[in-house]
Amino acid sequence: MSEVQVPNNAPEHCPGTQSDDAGKASACAGCPNQGICASGAVKGPNPDIQLVKERLEQVQNKILILSGKGGVGKSTVTAMLSRSLAAADANRNVAVLDIDICGPSQPRLLGVLNEQVHQSGSGWSPVYVEDNLSVMSIGFLLGSQDAAVIWRGPKKNGMIKQFLCEVDWGNLDFLLMDTPPGTSDEHLSASTYLSEANLSGAVIVTTPQEVALLDVRKEIDFCKKVNIKILGVIENMSGFVCPSCKVESEIFKANTGGARKMCEDLNVPFLGQLPLDPRIARCCDEGKDFITEIPDSPAIKAINLIIENILKSIKV
Amino acid sequence: MLENVKHVILVLSGKGGVGKSTVSTQLALTLKEKGFKVGLLDIDLCGPSVPYLLQLEGKDVHQCPQGWVPVYTDAGQKLGVMSIGFLLDDRNSSVVWRGPKKTAMVKQFLTDVYWGDLDYLIIDTPPGTSDEHITVMENLKQVKCDGAVIVTSPQEVAIEDVRKEITFCKKTGIPIIGIVENMSGFVCPNCTECINIFSSGGGSALSNLLQIPLLGTLPIDPNVGALLGKACVVDFPESTAAKVFHQIVDAISKEV
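So the sequence lines, in the order shown, correspond to chains D and L.
The numbering of the first sequence is UniProt numbering, which starts it at 1 and goes up by one.
The numbering of the second sequence is UniProt numbering, which starts it at 1 and goes up by one.
Some clues are possibly wrong.
Claimed, not checked - Covered by chain D, according to a simulated footprint, are these stretches of chain L (three or more residues, beta-carbon under 8 Å):
no.: 1; stretch: 68-74
no.: 2; stretch: 195-206
no.: 3; stretch: 242-254
Said to hold, decoys possible - Residues of chain L placed beyond 12 Å of chain D at every Cβ, according to the derived structure:
no.: 4; residue: Val5
no.: 5; residue: Lys34
no.: 6; residue: Gly85
no.: 7; residue: Asp112
no.: 8; residue: Pro126
no.: 9; residue: Pro127
no.: 10; residue: Asp131
no.: 11; residue: His133
no.: 12; residue: Ala158
no.: 13; residue: Lys164
no.: 14; residue: Glu165
no.: 15; residue: Thr192
If you're looking for bench data, these hints aren't it; they were derived computationally from the structure.
All of these numbers come straight from a predicted model, not from anything done at the bench.
Glycine residues also receive a C-beta, built at the ideal position from the N, C-alpha and C atoms.
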């Protein structure tokens, strides 16, 4: 951003919109934008970025949950992290923001499917799952389960900005932001709007097989390009223990070494593995709290270990 | 645009990671084995998987006077593939594009690829109902699109997004050929007990609810995941997956 910014249609020798000479150089004479440049209006910081910064000042840790690949468990991991964080300490306030606009899953996973969002003087009130766990998603704003959000990029960006500026979260210790797959509008918007807001970093979710890692490497490349700190990578669905014979088998084979090997290659922290537990999938479908439903699941121990690693990563 | 293509089939799903690309590639390979000339277009720009799944990574797209020449999987040029993966220098580099740029790329893929004469063009899509999908739908208005194959996995959380995709098809007038339920049931290699990891029956429930045919139910089969470029109908002709792909192809050729 620090280089000279010259619009495509600017006259020759344009000093650039951010220059001190903007609107005042000899080349500016006759340019239709001379007035705007001279007024200094284009030089200030993007007002939306400032607004997001102010609105999220009461939020201690802001974490993005990313993955280049779909269906690897971003939303499930987000739900598990938020529930575990909230359950561990009743004085800790946790919130989930679902910025997957076309396929919101958080309302179902957190068991608040048919709730509604209310408007108050200080903004939208999120939906509360527990006393210290709230969630906001476009799912609450849709009329029916079949309603599709057929939007191009700019409209999705507007929605994300509204989510970041207009939700009344109150004081929060953790805000987890669940994203759609890819490296496009939603991701760029979130990273831009949060660029001044002291983002803690990104947790990346993957599954062990190469076809997922391939897309996840792209997401890591994206984070490096836009300067998002990578808190670490979680490998989900690694290993499946047969409920009848208790023998573990690899459904999604780590034929290229899995997430651990990728983390070594790309020099990012590895946060841990989550086993594939069909009971977790069922809890998610039914929106039940897995901590109370299946307290013996190996996934609970694993997620708590991962949380410890995330907290360590944030402090570094 | 696409004048010499007889049938265009979209592979869609609102949800990611349910097996769109696996179904697309196996569908293309099955059609090829049946003697058809097939094209496979991957319009997932941020996460192209087709080059890897067909073991074509590192291949280059060439230019000819008629346009881009797709990458062929075989010497007989029975299966041509186009993906943004062929245009990237490094398999790890990301495509960080907003909508308008993606739209332009998809449009170019639809207009500038020289497929030659094709019996089937299969279009593999990214998850969602946004730029890529709107662009394909708008452009396919000019050519006859035979319809969409919807891929889902059985659990509620996937079905929820797939219902949105079906609404998208209905709103935009894309006919739906049917639903494929993927990842339903895993047979434990040790005790051969079938376990429904991601629950079961979601696809048939959806097909009943919305009156859309269920084309088949694919189990989780790590062998199919490891095929990489080979057709399951050839390598594992006795597997459930092979039978289902035969069924799907029959349904498609009947439909179109």
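We went through each hint and held it up to the structure:
1. Taking a C-beta to C-beta cut-off of 8 Å, the stretch 68-74 of chain L contributes 0 residues in contact with chain D, too few for the three needed, and the coverage statement is violated.
2. Look at the stretch 195-206 of chain L against chain D: 5 of its residues bring a Cβ nearer than 8 Å to a Cβ of that chain, three or more, so the hint holds.
3. Restraint check on the stretch 242-254 of chain L versus chain D: 0 residues with Cβ-Cβ distances below 8 Å, three needed, restraint violated.
4. Every CB of chain D is more than 12 Å from the CB of L:Val5 (nearest about 26 Å), matching its label as outside the interface.
5. Even its closest Cβ contact with chain D, about 25 Å, leaves L:Lys34 beyond 12 Å, as expected for a residue assigned away from the interface.
6. The claim that L:Gly85 lies off the interface is violated: its Cβ sits roughly 9 Å from the closest Cβ of chain D, which falls inside the 12 Å cut-off.
7. With 12 Å as the threshold on Cβ separation, the claim that L:Asp112 sits away from chain D holds: the shortest Cβ distance comes to roughly 22 Å.
8. Listed as a non-interface residue, L:Pro126 fails to keep its Cβ farther than 12 Å from every Cβ of chain D; the least gap is roughly 7 Å.
9. With a least beta-carbon separation of about 5 Å from chain D, L:Pro127 fails to lie farther than 12 Å from that chain, contradicting its non-interface assignment.
10. Its closest Cβ contact with chain D, about 5 Å, brings L:Asp131 to no more than 12 Å, contrary to its assignment away from the interface.
11. A beta-carbon of chain D comes within 12 Å of the beta-carbon of L:His133; the shortest separation is about 8 Å.
12. Some Cβ of chain D comes within 12 Å of the Cβ of L:Ala158; the nearest lies about 7 Å off, and the non-interface call is violated.
13. Against the 12 Å criterion, L:Lys164 falls within the reach of chain D, whose nearest CB is about 4 Å from its own CB.
14. For L:Glu165, the requirement that its beta carbon stay farther than 12 Å from each beta carbon of chain D is not met, with the minimum near 7 Å.
15. Residue-level check failed: L:Thr192 sits 9 Å from the nearest beta carbon of chain D, not beyond 12 Å.
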